[in-house]
Amino acid sequence: MKFTVNGEERAVEVAPLKRLLDVLREDLGLTGTKEGCGEGECGACSVLVDGELVDSCLVPICQVEGAQVLTVEGIAPSGQLTPLQRAFVERGGAQCGICTPGMVVAAHCFLASGQPSTNEAVREAIAGNLCRCTGYTKIVEAIQEAAGGAGSAGEKAGRGFGCVYVDGDGDGDGNVARSRGT
Amino acid sequence: MKQIELEPGAVGRSPPRKDGADKVTGRARYLDDLTFPGQLWGRTVRSHVAHGRIRGIAWDPRFDWSDVVRVTAADIPGENIVHLIEDDQPMLAHDVVRHREEPIALVACADREKLEEALGHVKVDIEELLPVLDPLQSTHVFKKYRIEQGSIEEAFARAHRIVEGTYRVGHQEQMYIEPQAICALPREDGGVTIYGSMQCPFYVHRAMERLLKLDGSHIAVIQVVTGGGFGGKEDYPSVIAGHAALLARKAGRPVKMVYKREEDVAATTKRHPAVMKYRSAVAADGALLGLEADIVMDGGAYVTLSPVVASRGVLHAAGAYRWPHARIDCRVVMTHTPPNGAFRGFGVPQTMFAVETQMEKIAHELGMDPLELRRKNALQLGDVLPTGQKLTSSVSAREVLDAAAARSDYARKRAAYSRLNDVHKRRGIGLSLALHGAGFTGSGEVKLKARAGVELTERGARVLSISTDIGQGTITAFAQMAADALGIPVDDVEVADPDTSRMPDSGPTVASRTIMVVGGTVTKAAQAMARILQSFAAETWGASTVECVSGVFRAGGRALAPFAAVARRYLAERGPLVCIEQYQHPPGIEWDDKAFRGDAYPCYAWAACAVEVEVDLDTYEVSLLDVLQVADAGKAVHPVLAEGQVEGGTVQALGYALLEEHFWSAKGQLLNTRMQNYLIPTALDVPVVRTVLLENPYPSGPYGAKGLGELPMDGPAPAVAAAVLHAIGRLVPELPLSPDRVMRALENAS
Numbered sequence: 001m002k003f004t005v006n007g008e009e010r011a012v013e014v015a016p017l018k019r020l021l022d023v024l025r026e027d028l029g030l031t032g033t034k035e036g037c038g039e040g041e042c043g044a045c046s047v048l049v050d051g052e053l054v055d056s057c058l059v060p061i062c063q064v065e066g067a068q069v070l071t072v073e074g075i076a077p078s079g080q081l082t083p084l085q086r087a088f089v090e091r092g093g094a095q096c097g098i099c100t101p102g103m104v105v106a107a108h109c110f111l112a113s114g115q116p117s118t119n120e121a122v123r124e125a126i127a128g129n130l131c132r133c134t135g136y137t138k139i140v141e142a143i144q145e146a147a148g149g150a151g152s153a154g155e156k157a158g159r160g161f162g163c164v165y166v167d168g169d170g171d172g173d174g175n176v177a178r179s180r181g182t
Numbered sequence: 001m002k003q004i005e006l007e008p009g010a011v012g013r014s015p016p017r018k019d020g021a022d023k024v025t026g027r028a029r030y031l032d033d034l035t036f037p038g039q040l041w042g043r044t045v046r047s048h049v050a051h052g053r054i055r056g057i058a059w060d061p062r063f064d065w066s067d068v069v070r071v072t073a074a075d076i077p078g079e080n081i082v083h084l085i086e087d088d089q090p091m092l093a094h095d096v097v098r099h100r101e102e103p104i105a106l107v108a109c110a111d112r113e114k115l116e117e118a119l120g121h122v123k124v125d126i127e128e129l130l131p132v133l134d135p136l137q138s139t140h141v142f143k144k145y146r147i148e149q150g151s152i153e154e155a156f157a158r159a160h161r162i163v164e165g166t167y168r169v170g171h172q173e174q175m176y177i178e179p180q181a182i183c184a185l186p187r188e189d190g191g192v193t194i195y196g197s198m199q200c201p202f203y204v205h206r207a208m209e210r211l212l213k214l215d216g217s218h219i220a221v222i223q224v225v226t227g228g229g230f231g232g233k234e235d236y237p238s239v240i241a242g243h244a245a246l247l248a249r250k251a252g253r254p255v256k257m258v259y260k261r262e263e264d265v266a267a268t269t270k271r272h273p274a275v276m277k278y279r280s281a282v283a284a285d286g287a288l289l290g291l292e293a294d295i296v297m298d299g300g301a302y303v304t305l306s307p308v309v310a311s312r313g314v315l316h317a318a319g320a321y322r323w324p325h326a327r328i329d330c331r332v333v334m335t336h337t338p339p340n341g342a343f344r345g346f347g348v349p350q351t352m353f354a355v356e357t358q359m360e361k362i363a364h365e366l367g368m369d370p371l372e373l374r375r376k377n378a379l380q381l382g383d384v385l386p387t388g389q390k391l392t393s394s395v396s397a398r399e400v401l402d403a404a405a406a407r408s409d410y411a412r413k414r415a416a417y418s419r420l421n422d423v424h425k426r427r428g429i430g431l432s433l434a435l436h437g438a439g440f441t442g443s444g445e446v447k448l449k450a451r452a453g454v455e456l457t458e459r460g461a462r463v464l465s466i467s468t469d470i471g472q473g474t475i476t477a478f479a480q481m482a483a484d485a486l487g488i489p490v491d492d493v494e495v496a497d498p499d500t501s502r503m504p505d506s507g508p509t510v511a512s513r514t515i516m517v518v519g520g521t522v523t524k525a526a527q528a529m530a531r532i533l534q535s536f537a538a539e540t541w542g543a544s545t546v547e548c549v550s551g552v553f554r555a556g557g558r559a560l561a562p563f564a565a566v567a568r569r570y571l572a573e574r575g576p577l578v579c580i581e582q583y584q585h586p587p588g589i590e591w592d593d594k595a596f597r598g599d600a601y602p603c604y605a606w607a608a609c610a611v612e613v614e615v616d617l618d619t620y621e622v623s624l625l626d627v628l629q630v631a632d633a634g635k636a637v638h639p640v641l642a643e644g645q646v647e648g649g650t651v652q653a654l655g656y657a658l659l660e661e662h663f664w665s666a667k668g669q670l671l672n673t674r675m676q677n678y679l680i681p682t683a684l685d686v687p688v689v690r691t692v693l694l695e696n697p698y699p700s701g702p703y704g705a706k707g708l709g710e711l712p713m714d715g716p717a718p719a720v721a722a723a724v725l726h727a728i729g730r731l732v733p734e735l736p737l738s739p740d741r742v743m744r745a746l747e748n749a750s
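Read top to bottom, the protein sequences are chains D and W. For the first sequence, the working numbering assigns the number 1 to the initial residue and increments by one for each residue that follows. For the second sequence, the working numbering assigns the number 1 to the initial residue and increments by one for each residue that follows.
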């Protein structure tokens, strides 16, 4: 069984129906790809096979013979974070982080498609990836920021109100003392 | 307004989270990513009967058990309990089983396929008994509470109107994306080391002491990167750690247990279902006169955390309003279902749904705008809660309500949507108001005496605590707080990994207490360290009034030395420097456990949620058009992380409101145990959550901070119900507001 993982040719001797997820994690030591449900619902195990986003828990290894597989470890092979990964960190797109590898791979795939990064399009692109921590808002913003422009400053009008100080001790100097912006 | 010092520093800014780069590159190692030399895999043999008496365990003699380690209750060296509040839950059942997933035996094997096969060759013979599944039929009461103030009879006698409602909520599954996972390693000293995905390492530590009859010095419990908790990893890790430890000690090898999703959903804790009867006395002008409530919560098979879930629930049952007279009863009862436990909000999302929906009902019956009713009765400084607590600081009920109303364009949309009469689709907008007590309930913090501190390093400092980062950003926020206290950049502060053999016990990572209680203690310890280093620098350089600003010690305008140079010199001349502080409850905050009266929490966080919905009158589906949360947690130590808490909690609550529901068979079997049939929100199910953070400082909190983590979970569900009521003119008094319930509400009305 030969295939390419993150640009490197790999050969494994495993049962043909072994899940791609297990081959990546157990045979190749690529534990960045996670298992959340084992039935293709959560997307934590998302990888790209020949550029297509798949749940690696649903793919038997025999189906990737000769294919190009990209995992989260291959997104930034130099170790330098990509603009997408940086945006995830800075915008708060990762909390517990267990969905993040799959989410980053799905977002990477979306950005590669070159589609305009409207709120709807980004949400559609990550609809197969469940996140229980963030509520998705910051993930969408991170992807839009990485897409460059769309969703950044201009489109953000209407949210990101930032912090407002409140009259705390009731000494009558007004409810909202000042606004700080984000 | 008290000025909280606004010296430029890390607190109040949003530096990149410390674990961020590891998480976005896949480098972060969760439990299942770690391999331990010689490790076996462990699995659990469960009851499969909700209630019964165990007659025996049969191990198929034709199966080759030679390389399978087997454990039953007979192998337990200490007490067969999962130590928590009442110690009533056995680690392995040996006599009676009280729920269908009750663990009875354990197996471990190096070969995972053989392990799965082995499970099919164990038969547990159980004499079935009748299960009690309806909490209203249960006569086994775990705990009862009553809050009483004034004379409720008098309130009803004077009432212009009496409004009654019964509200029901079901189970909610935490559905962290990383299932429960533990590895136990036997030690040469006879002890055990536990690595795992967890919120509360010392809970596990103490449970191991009792189960394994070990001295605490022979146990180390280490939290590894944890893929979500939300309360679901508060107490359950003690169960799976106990199982792994029993197997590991018998095997003499590490044993790793990682639950499959179905097993995790079926066997582990969930939010308590509740039936809540409310009766309110109101005056003609909408003034609330009295509240009578009777709350029944379903605790499941064992006590676990139920007494504290119910107490927090009942303490929030009156909502954020003045009720001069009140009588609120709550009981949490046993049923033959897996124990219910902690889930973000901890009893409050249930009672907040009831009281807020009751407010909608009152407004509806009085013909009054619900926002007006809330504004009129919202708590203010100086008001008294039903427990007798007088609110003396940091009350923002009106402020959050007004901000939510203004930012959601409530008045205009309320009027505009009321005029719509499309036969296929209706729109509505609704608001809710919530409060959430920060820190442990009652005397919890006084009894716990949380300890945390800082240690001097050659570069800066290391924070010492057992508080876990489960995604909410503990390590980043602690580093910010310590950095500002020491006057050094946040990058020069590291945070030690939680390990019970090395860290002080700062208590569990629960109850929205991490920033306020533990962060406050870390801040005090860092301040103490700063003073020590100031005098050291003053002595060394012969200066007076030395302080460290932006990483440089200065005397007057003169720079003396960088922090790192002072730290190195201190370490060389005087040795290690560790400052540990103990949490002190603010003076004047007093709680009487017996009378269940007093100051249940030192302060409260406040939130208002505005939700806009569209209801499809053909399919009865409710879609979310806009969601806004205004939250006051005193101080946003890290605004991006704080917004993340609000947005994430809000979406969990929207799942509770519209999607998340468990179904049970008549024999006590949970029927939907998969992500395919227990639905949590996807990115397409929810809109952008708009967050507004208000900062109304709590004078005794670090930098003014209160608690934030659970607050956003409380209000969205009743806000959705309020919006649906506005859209269709019918109240749906149950969660989730699924199409069948919306349909029933409309059909019952016609």
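Derived from the structure by calculation, the hints contain no laboratory data. Please note that the accuracy of each hint is not assured.
[To be verified] Only pairs whose alpha carbons sit at most 20 angstroms apart, straight line, appear in this in silico EDC-like list of lysine to aspartate or glutamate: (1) Lys-18/D x Glu-113/W; (2) Lys-260/W x Asp-22/D; (3) Lys-18/D x Asp-111/W; (4) Lys-114/W x Asp-22/D.
Comparing the hints with the structure gives:
1. Note on Lys-18/D and Glu-113/W: the hinted pairing holds, with a Cα-Cα distance of about 12 angstroms set against a maximum of 20 angstroms.
2. Distance restraint check for Lys-260/W and Asp-22/D: the Cα-Cα separation of roughly 14 angstroms lies within the 20 angstroms cut-off, and the hinted pair is therefore satisfied.
3. With a C-alpha separation of about 15 angstroms, the suggested pairing of Lys-18/D with Asp-111/W holds against the 20 angstroms cut-off.
4. A distance of roughly 17 angstroms separates the Cα atoms of Lys-114/W and Asp-22/D; the hinted pair therefore holds under the 20 angstroms criterion.
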